[in-house]
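**Student:** So you can see what is in the structure, the chains are spelled out below.
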Amino acid sequence: MSYFKFPELTALVWKVWLRNRDVFMKTYRVNFLPPLIEPLLYLFALGFGLGTYIETMDGIPYPRFIAPALISISIMNSAFFECTFGSYVRMYYQKTFNAIIATPVSIEEVITGELLWGATKSLINATIMLPVLAAFKLIELPHALLIIPFAFIAGFLFASIGMCFTAISPNISTLNYPTFLFITPMFLFSGTFFPLKLLPEPLQYLALTALPLTHVVSITRALTLAKTSNLLIFNLTWILTISLILFILSVNLMKKRLIT
Amino acid sequence: MIVAKGLNKSFDGFVAVDEISFNVKEGEIFGFLGPNGAGKTTTMNMIQCISPKTSGTLEVMGMDVNTHQREIKKFLGVVPQENNLDPDLTVYENLLAYSRYFNIPREIAEKRIDELLNFVQLTGKRDTLIEPLSGGMKRRLVLIRALINKPKILILDEPTVGLDPQARHLIWEKIKSLRSRGVTIVLTTHYLEEAARLCDRLVIMDYGKILAEGSPSEIVREYIGTDIVETENDPSVIACLKRHAARFETLEDTVQIYTENPQEITYQLLKECPSRPITARQASLEDVFLKLTGKKLRE
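Chain order of the listed sequences is Z and F. Heads up: the first sequence begins at 37 in the numbering used here, then just goes up one per residue. Heads up: the second sequence begins at 727 in the numbering used here, then just goes up one per residue.
The set of hints was computed from the structure by calculation and includes no laboratory data. Where a beta carbon is used, it is the ideal one built from N, C-alpha and C, also for glycine. Treat each hint with caution, since some may be false.
Covered stretches of chain F (in silico footprint by chain Z; criterion: 3 or more residues with CB under 8 Å from a CB of chain Z, positions within the stretch not fixed) [unchecked claim]: (1) 773-786; (2) 798-804; (3) 884-895.
Input sequences plus hints: build the corresponding full structure.
**Tutor:** This is the structure in structure tokens:
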């Protein structure tokens, strides 16, 4: 079986998405809180605490510098954790995938529905953060509104990354490896809290090739500051290409794991 | 409805299903019996198109299982061995989510859900989450979830495992009432009483092969006879049985005599080897099962 066979999909993908949306909406009060509170905590700790000593970063007031990073981190975390721990629980403990594939829905459609749901969670969380950050005048409107569709695209990338790990993880605790070996370094070294150019040059290139968050931060920062950069096309192309590859790979890896 | 010829399934060199052939006819209840690891569930998984066959033919309603998964699955209802109800959703939401996977329009689904809840007496649990339901309720819910698309073929993998006698009888009633509506039913079980009661025809499987096939009474008659006489395993008993050319099998400390005429052999035993306990009873599917698959414990 090939790892890069393009999946055959029908509109049934949305029925899988709908199942996750229904579950999410049952507890929406709890679900809407973290994206509201998390940016406030970071802003107070880093922006206003640390920011007292660091007035500007790269010529930008520090809270305004980290605001897009906070959105990007939220985009990354929502999709990644949804499609690692969330999907793993549904796949292994709840046997939800097994129940669904006994119907006309195929395993490819189940996984694609899960990925689209992961991307949707990124969109929801990023959208909730925007008014909070806007209230502190940390983002430029209306440009920053473009983050809403972009959160879905970037979310899909992190969902696909997460799903690849879910497919190869022997048990749920081994999902901690990609979390601290991949997500934590990205959180710190993707141009999030200090500019990429402060890193030694080889590490800058490493960040641009191996840390997807770098590209996401670059785009969200351009949008919140309403400042274009000549890297943007490269960033977006990188995100779309890697998303497509990892989407196809994750579906095939999951199929290999579940269909024997 | 389901035709298998020389059907094979192997996983990394391990042969789980070995060249089996069977033919499930429309409207019957067809059973797969066998010890754990006999290949029953693997066969079910191939029929429901979630595990591709390795070789041979397997057609469901005339369609090949490896190429027409989606078309076949439209007509199937599946009750898996393990309840895989969605714990995040209520009883009603479970059924509604399932109806969407079959593209059943909302209004039709809602009406059908009410009928189905009524059919298995779960109307009162409509808005309950799954966790607080009893084992019997969960099983009934899995059963009606499999009926949401009005299936032509219903696959039941150990439908009554772990249920109390009341819950088991209720499930049996429902299965029979589905047959009377013309649904073809394929079930696996290792409760032999269940198989004897429900199945029109069945196969006994072990180590991936089919060992016997027929209606429960045909199989018992063919492999055992009508009755069984049991007595102590003792050289004088054995000698007596040999003299009378009886068909018998020795277990550790008992002898089982397979016979069509229990009075005759009991009389002979009482006359020639007196003062031993002798019991006579009707032969059952369990006797055939143990005769064919042995008494050794399976993993």
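**Student:** Now, for every hint given, state plainly whether the structure supports it.
**Tutor:** We went through each hint and held it up to the structure:
Only residues whose C-beta sits within less than 8 Å of a C-beta in chain Z count toward coverage, and the region 773-786 of chain F has 4 of them, enough to reach three; the restraint holds. Using a Cβ-Cβ cut-off of 8 Å, 4 residues of the region 798-804 of chain F lie near chain Z, which meets the minimum of three, so the contact claim holds. Chain Z is given as covering the region 884-895 of chain F, and this is violated because 0 residues of the stretch bring a CB closer than 8 Å to a CB of that chain, at least three being needed.
Hint violations for this structure: number 3 only, all remaining hints satisfied.
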